[in-house]
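K.L.:
Sequence:
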Amino acid sequence: MTHRTLSQGKHNRTFLCIPAYLRDKFGLKKGSVVDVTDKEGTIVITPILEHDTE
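Residues in the sequence shown are numbered consecutively from -7, following my numbering.
Bear in mind the hints are in silico, worked out from the structure with no lab data behind them.
Here the structure is a predicted model, which is why all the values come from computation and not from measurement.
A portion of the hints provided could be inaccurate.
With a straight-line Cα cutoff of 30 Å, these simulated DSSO-like cross-link-like pairs (lysine-lysine) come out [stated by the list, open to error]:
(1) 21 x 31
(2) 17 x 31
(3) 2 x 31
(4) 2 x 22
(5) 17 x 2
(6) 21 x 2
Please model the entire structure based on the sequences and the hints provided.
P.N.:
Here is the structure:
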């Protein structure tokens, strides 16, 4: 488990720095979109792929 810091920028945009090994594991690039949720006190980061539709 790693501890990450959430930062809120302009226009209520939230940023999260993800370690390189997680970016590589999920194939994320700079500016990739992820879904961040809280599950039983744990932050869960789920990559949102371009072909995903909601």
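K.L.:
Does residue 17 pair with residue 2 here, judged by a C-alpha cut-off of 30 Å?
P.N.:
Distance of about 29 Å is within 30 Å: holds.
K.L.:
Below or equal to 30 Å on CA atoms is what counts here, so check residue 17 against residue 31.
P.N.:
Satisfied, since the Cα-Cα distance of roughly 21 Å is no more than 30 Å.
K.L.:
Next pair to validate is residue 21 with residue 2; report whether the Cα-Cα distance is within 30 Å.
P.N.:
Given that 30 Å is the threshold and the Cα spacing comes to 21 Å, the pair holds.
K.L.:
Would you mind confirming whether the straight-line C-alpha gap from residue 2 to residue 31 stays at or under 30 Å?
P.N.:
holds, 27 Å
K.L.:
Next pair to validate is residue 21 with residue 31; report whether the Cα-Cα distance is within 30 Å.
P.N.:
Measuring from Cα to Cα gives roughly 25 Å; hence the hint holds.
K.L.:
Can the restraint linking residue 2 and residue 22 be considered satisfied, given a maximum Cα separation of 30 Å?
P.N.:
holds, 18 Å
Consistency with the previously given hints is maintained throughout, with no hint failing.
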